[in-house]
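**Student:** Please take these sequences and the hints and turn them into a complete structure.
In order, the protein sequence lines correspond to chains A and B. Once you know that position 463 of the first sequence is 463 in this note's numbering, the rest is easy, because the numbers rise by one and skip nothing. Once you know that position 78 of the second sequence is 78 in this note's numbering, the rest is easy, because the numbers rise by one and skip nothing.
Honestly, the hints are just simulated from the structure, not real lab data. Here the structure is a predicted model, which is why all the values come from computation and not from measurement. Hints are supplied without guarantee of correctness; some may be wrong.
Stated by the list, open to error - Using 20 Å as the maximum straight-line C-alpha spacing, the simulated PhoX-like pairs for lysine-lysine come out as follows: (1) B/Lys42 / B/Lys105; (2) B/Lys93 / A/Lys189; (3) A/Lys254 / B/Lys76; (4) A/Lys141 / B/Lys93; (5) A/Lys137 / B/Lys104; (6) A/Lys254 / A/Lys184; (7) B/Lys76 / A/Lys195; (8) A/Lys188 / B/Lys76; (9) A/Lys365 / A/Lys318; (10) B/Lys41 / A/Lys414; (11) A/Lys188 / B/Lys52; (12) B/Lys76 / A/Lys137; (13) A/Lys9 / A/Lys60; (14) A/Lys188 / B/Lys104; (15) B/Lys52 / A/Lys189; (16) A/Lys189 / B/Lys54; (17) A/Lys435 / B/Lys104; (18) B/Lys105 / A/Lys254; (19) B/Lys41 / A/Lys189; (20) B/Lys105 / A/Lys137.
Stated by the list, open to error - In silico negatives: residues of chain A with every beta carbon more than 10 Å from chain B: (21) Gln86; (22) Thr125; (23) Glu160; (24) Asn175; (25) Lys195; (26) Ala222; (27) Lys256; (28) Gln257; (29) Thr280; (30) Arg425.
Cβ atoms here follow ideal geometry from the backbone N, Cα and C, with glycine treated the same way.
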Amino acid sequence: MMIKMDFEKIDNYQWKVPKEGEMRVPGIFFGSKEIVEDVSKDEKVIEQIKNVAKLPGIQKAAMAMPDAHRGYGFPIGGVAAFDSEQGGIISAGAVGYDISCGVRALKTGLKKDIVRENIEELAETLYNMVPAGLGSKGEIKLNISQMDEVLIKGAEWAVEKGYGTKEDLEYIEENGRMENTDPKTVSKKAKERQKKEMGTLGSGNHYLELQKVTKIHDKGKAKILGIEKNDVMIMIHCGSRALGHQVATEYTEKMKQSSRKHNIKLPDRELAAAPINSDTGQKYIKAMNSAINLAAANRQVITGLTRRAFDQVLPEAKLKTMYEINHNTCKKEEHMLNGEKKELYVHRKGATRSFGPESKILPKKYMKIGQPVLIGGTMGTASYILTGTKKAMEKSFGSTCHGAGRKMSRTKAKKEYWGQDVVKRLKNNKNIIIKAHSMSGAAEEAPGAYKDINKVAESVEKAGISRRVAKVEPMAVIKG
Amino acid sequence: MNKYELFSHPADQGIRGYGETKEEAFQEIAKALQSLMADLKKVEVKTEDEVKIKAIDEESLLINWLNELLYLFDVKGNIYKEFKVNIKNNKLKAIAKGEEYNPKKHGSGDIIKAITYNQLEIKKENNLWIVQCVVDV
Chain A
1 MMIKMDFEKI DNYQWKVPKE GEMRVPGIFF GSKEIVEDVS KDEKVIEQIK
51 NVAKLPGIQK AAMAMPDAHR GYGFPIGGVA AFDSEQGGII SAGAVGYDIS
101 CGVRALKTGL KKDIVRENIE ELAETLYNMV PAGLGSKGEI KLNISQMDEV
151 LIKGAEWAVE KGYGTKEDLE YIEENGRMEN TDPKTVSKKA KERQKKEMGT
201 LGSGNHYLEL QKVTKIHDKG KAKILGIEKN DVMIMIHCGS RALGHQVATE
251 YTEKMKQSSR KHNIKLPDRE LAAAPINSDT GQKYIKAMNS AINLAAANRQ
301 VITGLTRRAF DQVLPEAKLK TMYEINHNTC KKEEHMLNGE KKELYVHRKG
351 ATRSFGPESK ILPKKYMKIG QPVLIGGTMG TASYILTGTK KAMEKSFGST
401 CHGAGRKMSR TKAKKEYWGQ DVVKRLKNNK NIIIKAHSMS GAAEEAPGAY
451 KDINKVAESV EKAGISRRVA KVEPMAVIKG
Chain B
1 MNKYELFSHP ADQGIRGYGE TKEEAFQEIA KALQSLMADL KKVEVKTEDE
51 VKIKAIDEES LLINWLNELL YLFDVKGNIY KEFKVNIKNN KLKAIAKGEE
101 YNPKKHGSGD IIKAITYNQL EIKKENNLWI VQCVVDV
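**Tutor:** Rendered as structure tokens:
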């Protein structure tokens, strides 16, 4: 197949959708020719990028990462930056319904052989101790004022409650605590929905995964991250649970009204937005930051539960946070634009921050290597640890991909696969243990329903927006 | 015969309800939503809840109606299989009947994160109301 006429080649890994009609900036797709051809098979993705490019105050380009697929107005795998001084907007849809969905990576200090010997018991213990799936409840019940404390303090709150260490906090974006929050901007309904859900994993594509490091791409950086081949790691993938979903839903409604009030011409009703400098815009930012804090607290509690499970089965393990990233956010950041330092609001929907070395957002230990980037694969395929680059700062507002990206609908996956069968095959063929609460969920998440993550990881490296450090592969997966 | 169905979306899930009236279509799409979460054949009617919402337009009304069921699930733990909906001037009143969700009895489906405007339609074709949207899983 030829690459679509919509694209102009910038280089082998950047493809431009030229400005047309009401587009204020061009669109840019990152990835190899093969990947961009594949991504753009769904014309909706190109249409969505063109629509994002029409929004007020957008800077440079509307961008799609190699794992992009169609989303809600804004594509998943999309990046867009807005300048508040040029009438820039913020959009709840462009952050996503699962605010601050993200990944925490833990080092265990163990090698794969010892874990392999205990894998059944470990998987079973984790499955029993980390609540997951529809209707699951956490061990902490919060009243409204306790919830407000979580929204202000983030992961720090969970550490105070005994679910982690101060050292964990050093290795979370913004140390797990966003400033500029206000619990009053989060509705009572959102807080009520969250009461029993602290420390729960959720369902869908969320998981807790035990992994072995199977390949080191960059020895120097791996050493700084403290990982070697055959090490066992854990990745926890989840977000802001019901509270975040409710915040996103309510502010999408408010932004629908705000768009009308401020005469923002919406190319798609799902891109409902508010000017950054408006009451709704400012309230959403505070509510979103509160939800980011809740998500960090949630992953911190799960980290604590994971440590408890290891203490029971393999007490010699020393679980340390390597890093935690968000991939559904809008963050206020400084970027260089046409030689000028600018403060921009960068939406990343299914995209990960990948700031290069020497960025002031980095923990001291990682100053020389750039921000760690964690991209999650499926329960049967690899995940990658990468680091951010200077080039990403120039090309993509310091952003890269977030995962493999779906290629098959959930409906089709359920017809194509049978959950029990997927689980059995992963065990027999790949020696991967799957503990899933929902078998239809296991079918929906079958590895065959996703794109090839190896090609996505290779593409972001060749595009220069992040660099591979290590490849990890699943040993056991806990799913909702 | 079911008057609701699921339809494909590349990453998430579409839900659709049909009815002779708009109200019936709103009832049916609610069943489609609940069917993603549990096996409705196994849900019994043991309790009921009242829902009252208003919205700025019809589309928002649909979003708020379905989102209210997600709220009730999280707060009360209930899953519903029968609905009686009344709509007037972008106000909706409903009775939802079902019971407390129990994964052992009802099976464990998906957590629905949100009801979205994606492919949202409320229309009447040949005397049949069709109401649909995509939900974020």
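**Student:** Quick one: work out the minimum CB distance from glutamate 160 of chain A to chain B and report holds if it exceeds 10 Å, violated otherwise.
**Tutor:** 25 Å, holds
**Student:** When you check the alpha-carbon spacing of lysine 365 of chain A and lysine 318 of chain A, does it fall within 20 Å?
**Tutor:** Distance of about 19 Å is within 20 Å: holds.
**Student:** Are the Cα atoms of lysine 105 of chain B and lysine 137 of chain A separated by 20 Å or less?
**Tutor:** 17 Å, holds
**Student:** Verify that the Cβ of alanine 222 of chain A lies farther than 10 Å from every Cβ atom of chain B, and report whether the claim holds or is violated.
**Tutor:** 32 Å, holds
**Student:** With the threshold set at 20 Å, check whether the alpha-carbon distance from lysine 52 of chain B to lysine 189 of chain A stays at or below it.
**Tutor:** 14 Å, holds
**Student:** Beyond 10 Å from every chain B Cβ: check whether that's true for glutamine 257 of chain A.
**Tutor:** Violated, since 7 Å does not exceed 10 Å.
**Student:** Lysine 9 of chain A and lysine 60 of chain A: Cα distance at most 20 Å?
**Tutor:** The hint holds at about 17 Å.
**Student:** Hint check: lysine 189 of chain A vs lysine 54 of chain B, CA-CA at most 20 Å. Holds or violated?
**Tutor:** 15 Å, holds
**Student:** Beyond 10 Å from every Cβ of chain B: is that where the Cβ of threonine 280 of chain A lies?
**Tutor:** At roughly 14 Å from the nearest Cβ of chain B, threonine 280 of chain A sits farther out than 10 Å, so the non-interface label holds.
**Student:** Assess, step by step, whether the Cα of lysine 41 of chain B is no farther than 20 Å from the Cα of lysine 189 of chain A, and give holds or violated.
**Tutor:** 30 Å, violated
**Student:** Decide if the proposed pair is consistent with the structure: lysine 435 of chain A and lysine 104 of chain B, CA atoms, cutoff 20 Å inclusive.
**Tutor:** 16 Å, holds
**Student:** Just to be careful, I want the Cα atoms of lysine 188 of chain A and lysine 52 of chain B compared with a cutoff of 20 Å; is the pair within it?
**Tutor:** 17 Å, holds
When held up to the earlier numbered hints, the structure conflicts with 3, 4, 14, 18, 19, 25, 27, 28 and fits the remainder.
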